[in-house]
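Asks: Chains as they are written, first to last, in this note's numbering: chain A, 1 to 390; chain B, 1 to 334.
Note that these hints are calculated values from the structure, not bench results. All residues carry an ideal CB built from backbone N, CA and C; glycine is no exception. Treat the hints with caution; some may be incorrect.
[To be verified] To give an idea of the interface, some chain B residues facing chain A are shown, with a C-beta separation under 7 Å as derived from the structure: (1) 69; (2) 70; (3) 107; (4) 225; (5) 228; (6) 231; (7) 233; (8) 234; (9) 331; (10) 332.
Residue strings, one per chain:
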Amino acid sequence: MATVELEKINKIYENGFQAIYDLDLQIADKEFLVLVGPSGCGKSTALRMVAGLETISGGTMRIGDRIVNDVEPKDRDIAMVFQNYALYPHMSVYDNIGFALKLARVPKDEIDSRVRKAAAILELEANLDRKPGQLSGGQRQRVAMGRAIVRQPAAFLMDEPLSNLDAKLRVQMRAEIAALQRELAVTTVYVTHDQIEAMTMGDRVAVLKDGYLQQVDSPQNLYDRPDNVFVAAFIGSPSMNLYEASLRIEGDNATVGIGSQAVTLDPSVLGERPALRAYADKPVILGIRPEDFEDAEMMADIPVDRRITAKVSLIEALGSELMVHFGVDAAKINSGDPDAIEEASHNGTSTAVGRFSPRSRVRMGDTIEIAVSTERFHFFDPDTRLAIWH
Amino acid sequence: MTSTGTTPVLTDPGDVHPDAAMGDDGGKKGGVGDRIYGLLRAIPPGVLWLLVLVWSIPTLGLFVNSFRDRSSQRSSGWWTSLASPEQFTLDNYEVVLGASASAGLVDSLLNSFAIAIPATIIPIAMAAFAAYAFAWIDFKGRKWLFIGTVALLAVPLQVALIPLLQLFSGGAHWTIPGLDRTITFIADFDLAGNTTAVWLTHAGFAMPFAIFLLHNYISGLPKDLFEAARIDGADHFTVFWRLVLPLSIPVLAAFAIFQFLWTWNDFLIANTMVGSNPNAIPTTIRIANLAGDFGRNEHLLPAAAFVQSFVPIVVFFALQRYFVRGILAGSVKG
């Protein structure tokens, strides 16, 4: 049981490539922290530095009260679960789980009781004599977990442990790992590129991009109040719609222009975010979550100045909701996520995605009125790309 | 958690080591290798059996001849006796395996074992350590040392034979000019005419290839395994002993077979190193000498050849079960 602290951690590879810049993270005891980001953002490197598998180029790493910069992995009192499980293929499940204890010269009967206890927690008792090759993907994943929990370490480090499982199993294991972590109450650092995993599992989520920490916060706060354009677009599926927009302010009335259409902002927006006044008659980046669009037919009392008109280009019916794609004549903002397929806006029009009620009767090709929840708009500075909240 | 009552045994082709993946699934579509594989697959088994037969005829002829007496060997072809099997005799084998001083092979067989066994085990033992170090231990000059080692593959054995023999028998000394003092680097071991000289030479010349082969295999083991072991608290020796050796069994067996065959069948090195000592010569030299002056014992050659080749066949079948398919199955995925 321990805290994990990263203080101004840097990683520069021998070829001069800098993977991590001044990373500061304080992970509390028993906390489940998720490191998330697109490929190449440095999240795995950061985890491997905690594990001791990568050298630390600068900064201080603490596990518990101890500085571990130069401590060997085996002496850091951590256990790691690898993306590929990295099971020892020639050993039985029992020996795989007990290997670390055996190397630590733990007495045989204690190894036996601890391995059996770990196997019981993970429901692996029936498979203890099997080799990893005889197990299914989910069972292998559990053996990898077993190998970690049997050591009763100060911290678990998990490097995309679910990415090799098929979608259904992944959802199930996601819940199992989160529940197990809460039960064992061990500090956990979990790396993933999947923002859904990050949101569902983490007590807090740290978003990384290009070696820089973007934001650390609880999943709900990341979603509701992203600090910058990248976090706004990265968290949430489908992504936040981001457009170049212009702001007009007259007294306490503000309107935002989305392409050729204008929407009047709810008075609360300007009241809560006075900093927006500085952007009067200037361009801003406007962010709208898909659920803040709704078919106006469903909300008949929405005033006309909080609607936009658009042509529906595609409808994805998911049963519980409709994902409606429609055209907007405003330029789209590139969020900078290297994994996302950035759709260029052509002829000044781009696509927006709205999450409509399943009772909506819109059809493809219709030109419809769409209600927008202006009080939940996100605004970003077009130069710094930081959110304007105050 | 889900039920763990029944466990599917995976036959996911992705789990099988690529070297062993040929055979049942035919691989993915498209590549040149797959097209060649497809073409070869299309050859009917009858054609393959015919090739086997044609290929085996010389051996078959030798085998039949080994059971015929001197006069019939000299007067007619081996196929003529297939019609009259009553002519077959075990006399040749009795002479060859008997105690006859002029024609017996037993002593030389023991000499062959005394050469081939250390010449197989010693390079494997040393090369496995070296290959692991080259593959997974980060030390200064590793790359150049490895290049140097592999470059030794290019040194032809023949140029080194006489210098080696000189070294084994006369040692290495240097007389300091003008001082009348001699420094001995290597003592006069007087190994000429001794089987030790033969297996030492074999072991030395096997090292570059053994290191190269084992390195290629060991460096291809999944990196995650080594990192997992490091976190589990394994030092280099534990990783080597508990992980690398068990997982390298297929390549160790393959190299053992090749090396044993090569040393067992070697004539040149043995002839150079022990040719002068009739008590230390291996079977290959014994057989070459067997024919004797004027071909007096020529008729014993087929039987002797089969006695000589029996051992490598046994070694091959004993080790081939270690060519385990998919030894890495279940360790890593992706």
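Asks: Return the numbers of the hints above that this structure violates; sort them in rising order.
Replies: Of the numbered hints, 1, 2 and 3 do not hold.
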